[in-house]
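K.L.:
With the hints as constraints, model all of the structure from the sequences given.
Residue numbers (the working numbering), protein chains in the order written: chain A, -9 to 335; chain B, -9 to 335.
Honestly, the hints are just simulated from the structure, not real lab data.
Among the hints, a few may not be true.
[Said to hold, decoys possible] Straight-line distance between alpha carbons at most 20 Å, and here's what the computed SDA-like set of lysine to any residue pairs gives:
(1) A:K140 / B:T144
(2) A:K245 / B:E284
(3) B:K140 / A:T116
(4) A:K140 / B:G93
(5) B:K294 / A:K289
(6) A:K140 / B:P156
(7) B:K131 / A:M293
(8) A:K131 / B:G93
(9) A:K140 / B:K140
(10) B:K294 / A:K140
(11) A:K131 / B:M293
(12) B:K274 / A:S277
(13) B:K289 / B:A305
(14) A:K289 / B:Y273
(15) B:K140 / A:E92
It should be emphasised that the depicted structure is a prediction, and the values quoted were computed from it without experimental measurement.
There are 2 protein chains.
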Amino acid sequence: MKKIFSLFTLFLVTTVFAQKQTSEKQQRFVMVVHGGAGTILKKNMTPEKEKAYMAGLQSALMAGYMVLNKGGSALDAVESAVKILEDNPLFNAGKGAVFTSEGRNELDAAIMNGKNLAAGSVASVTTIRHPISAARAVMEKSPHVMMIGKGAETFAEQNGLEVVDPKYFYTEERWRGLDRTRKDDSLKKFSSDSSNAMLTIKEDQDHKFGTVGAVACDILENIAAATSTGGMTNKQYGRIGDSPLIGIGTYANNKTCAISCTGHGEPFIRAVAAHDVSCLMEYKHLSLQQACEEVVLNKLVEMKGEGGLIAIDTAGNVSLVFNCAGMYRGVKSSDGKNQIAIYGD
Amino acid sequence: MKKIFSLFTLFLVTTVFAQKQTSEKQQRFVMVVHGGAGTILKKNMTPEKEKAYMAGLQSALMAGYMVLNKGGSALDAVESAVKILEDNPLFNAGKGAVFTSEGRNELDAAIMNGKNLAAGSVASVTTIRHPISAARAVMEKSPHVMMIGKGAETFAEQNGLEVVDPKYFYTEERWRGLDRTRKDDSLKKFSSDSSNAMLTIKEDQDHKFGTVGAVACDILENIAAATSTGGMTNKQYGRIGDSPLIGIGTYANNKTCAISCTGHGEPFIRAVAAHDVSCLMEYKHLSLQQACEEVVLNKLVEMKGEGGLIAIDTAGNVSLVFNCAGMYRGVKSSDGKNQIAIYGD
Chain A
-9 MKKIFSLFTL
1 FLVTTVFAQK
11 QTSEKQQRFV
21 MVVHGGAGTI
31 LKKNMTPEKE
41 KAYMAGLQSA
51 LMAGYMVLNK
61 GGSALDAVES
71 AVKILEDNPL
81 FNAGKGAVFT
91 SEGRNELDAA
101 IMNGKNLAAG
111 SVASVTTIRH
121 PISAARAVME
131 KSPHVMMIGK
141 GAETFAEQNG
151 LEVVDPKYFY
161 TEERWRGLDR
171 TRKDDSLKKF
181 SSDSSNAMLT
191 IKEDQDHKFG
201 TVGAVACDIL
211 ENIAAATSTG
221 GMTNKQYGRI
231 GDSPLIGIGT
241 YANNKTCAIS
251 CTGHGEPFIR
261 AVAAHDVSCL
271 MEYKHLSLQQ
281 ACEEVVLNKL
291 VEMKGEGGLI
301 AIDTAGNVSL
311 VFNCAGMYRG
321 VKSSDGKNQI
331 AIYGD
Chain B
-9 MKKIFSLFTL
1 FLVTTVFAQK
11 QTSEKQQRFV
21 MVVHGGAGTI
31 LKKNMTPEKE
41 KAYMAGLQSA
51 LMAGYMVLNK
61 GGSALDAVES
71 AVKILEDNPL
81 FNAGKGAVFT
91 SEGRNELDAA
101 IMNGKNLAAG
111 SVASVTTIRH
121 PISAARAVME
131 KSPHVMMIGK
141 GAETFAEQNG
151 LEVVDPKYFY
161 TEERWRGLDR
171 TRKDDSLKKF
181 SSDSSNAMLT
191 IKEDQDHKFG
201 TVGAVACDIL
211 ENIAAATSTG
221 GMTNKQYGRI
231 GDSPLIGIGT
241 YANNKTCAIS
251 CTGHGEPFIR
261 AVAAHDVSCL
271 MEYKHLSLQQ
281 ACEEVVLNKL
291 VEMKGEGGLI
301 AIDTAGNVSL
311 VFNCAGMYRG
321 VKSSDGKNQI
331 AIYGD
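P.N.:
Encoded structure:
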């Protein structure tokens, strides 16, 4: 009788504990994506275009969420979400990337695993369908963190990644964008102040810092970040922005947060933006939201660094902070939240 | 009489103030250089070679110091010092750079001004005699921070930098080094652990992380950092290390410190090494030395990140910290200090 009672107690305790664990864990797994930030104004948007952007964000969010829902890792989730955005011609990454001044599509991507600070990145690749998967291959199948250009392409190819003709990345919309930007840029002037020369950008212009990114927190409380971009329209001279730079456009550390940035790359680099958020949390004990606001709304604004970021911590707290008109963004969590937004509140 | 007295008082006050300023300032201007770190063992060094390294470091130190001594900026000083090291075939930067697996010399460099967080960098350039000056041109003559490959070369050329035939960088010594490393590398195995796959390096091997760098504090209490490298011998796939990455191998911020790193690039990237030192000072209020030790002797050691760094703050405090056998290094300050060293104490 005593034995039966003990077994029953054990059963009860185990069940309650399992339920408690499940409910606790379910609050924790969270998927977040972004599709770029900038002067995204409702007045410049058609209802059809808005709908298409929302659908694009939702499907990336869903892809990442499904991974988490099956008990998959944050790392797998962010890669899955970013691949969907890379395939979507609406967003400036993979298919749909903007053109350089030479009429090419040069792609950058980075990924980082908060669990072990493993990181990988590629820059200036032109033949890899999913640059984010190339970044992951660099992280997992090489002793390196960053590879660029032809070398990175060779490595990706040797590691079985899907190679496409550079023409694959062509879209009519982006080609017209290059034409427009070429005309605009010829009118722009550099105001070379004592810090980096700054591009003067017209206030009301519908400019966007096209980048896509994802951060996630999985059921095991690991976090990861991924970012992918086609860079700036009409970019010259092999310019590299913040996206593929670890600690700058992309960072993940289970101690603090996982972050993917989108914005005017140069100030983000000079601010070492993503790592600064992490350090404000680790050393100054700011909350995730406070740290993100300090970097995006104070430091970057002071440096004329327009843009934003998405961030998550291992408790599943999420911050979506931007200092411009809008940021394509979405959050889906295991407690039922599913939010997609474009403009500021 | 009163007027004469007043003038005399003014003269006295001005003179005393100027002297006070000079004596105060003179304690402050300091030049620091490094020429790489690693398993640099006395047993592997000939007296002639040792003498040549010491002389190379001294002449770079002197070049930077002379700039500061004339009231020049920390930025000018670090560029001058690094140019001397780039011209010296003993060091792995500019002339004397190591070869990639394809038998090319691909050069990386970065520079940062602590006064205004302006930064510039180039990676994978093959025709610029002084990559550090190309990095400075990116900082001052473009709206960008980082440029790579052919684009960076075109930019440098358009901005009047000295262009050389890639053969200029060839040295017999480095070519033999490539041969040796090719043989060694074919014997190495990747142990792909859960973090980035790590190269196994023989304990007793005389391997060096060839990088050169400089930090300085000028008479106006501004600080700056510069780093230049040929990367890793036999590097493949367009691999980029920490040197040209802002916040990682190179960082400067008048609020905290200026830093140039040298070491096994990958862990330095994953640790966001230079910026981490800065954040430990800014947010955790560690001293320069404490912050450098925390990053180099604790965090990097934990990540198997062999190497070191040189650092300075606006008070002219200097830290030279490394977790390997030796680091080519030198310090010269306006209070008469002139130190060159190679091995650990």
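K.L.:
Look at each hint and say if it fits the structure.
P.N.:
Do the hints match the structure? See the list:
For the proposed pair K140 (chain A) and T144 (chain B), the alpha carbon gap of about 18 Å is at most 20 Å, so the pair holds. A hinted pair counts as satisfied when its Cα atoms are at most 20 Å apart, and K245 (chain A) with E284 (chain B) qualifies at roughly 17 Å. A distance of roughly 15 Å separates the Cα atoms of K140 (chain B) and T116 (chain A); the hinted pair therefore holds under the 20 Å criterion. Between K140 (chain A) and G93 (chain B), the direct Cα distance comes to roughly 15 Å. Compliance with the 20 Å bound is thereby established for this hinted pair.
For the proposed pair K294 (chain B) and K289 (chain A), the alpha carbon gap of about 33 Å is over 20 Å, so the pair is violated. Taking the CA atoms of K140 (chain A) and P156 (chain B), the gap is about 18 Å. The hint holds against a cut of 20 Å. Note on K131 (chain B) and M293 (chain A): the hinted pairing holds, with a Cα-Cα distance of about 18 Å set against a maximum of 20 Å. A C-alpha spacing of about 23 Å is found between K131 (chain A) and G93 (chain B), which places the hinted pair above 20 Å, so the restraint is violated.
With a CA separation close to 12 Å, the supplied pair K140 (chain A) and K140 (chain B) stays within the 20 Å bound. Of the supplied pair hints, the one linking K294 (chain B) and K140 (chain A) is violated, its CA atoms being roughly 29 Å apart against a limit of 20 Å. Of the pairs offered as hints, the one joining K131 (chain A) and M293 (chain B) holds, with about 18 Å between alpha carbons and a cut-off of 20 Å not exceeded. Under the criterion of a C-alpha separation no larger than 20 Å, the hint pairing K274 (chain B) with S277 (chain A) is consistent with the structure, at around 16 Å.
Only pairs whose Cα atoms come within 20 Å are accepted, and K289 (chain B) paired with A305 (chain B) is rejected, the gap being roughly 26 Å. Only pairs whose Cα atoms come within 20 Å are accepted, and K289 (chain A) paired with Y273 (chain B) is accepted, the gap being roughly 14 Å. A distance of roughly 12 Å separates the Cα atoms of K140 (chain B) and E92 (chain A); the hinted pair therefore holds under the 20 Å criterion.
The structure does not agree with the numbered hints 5, 8, 10 and 13 stated previously, though it agrees with the rest.
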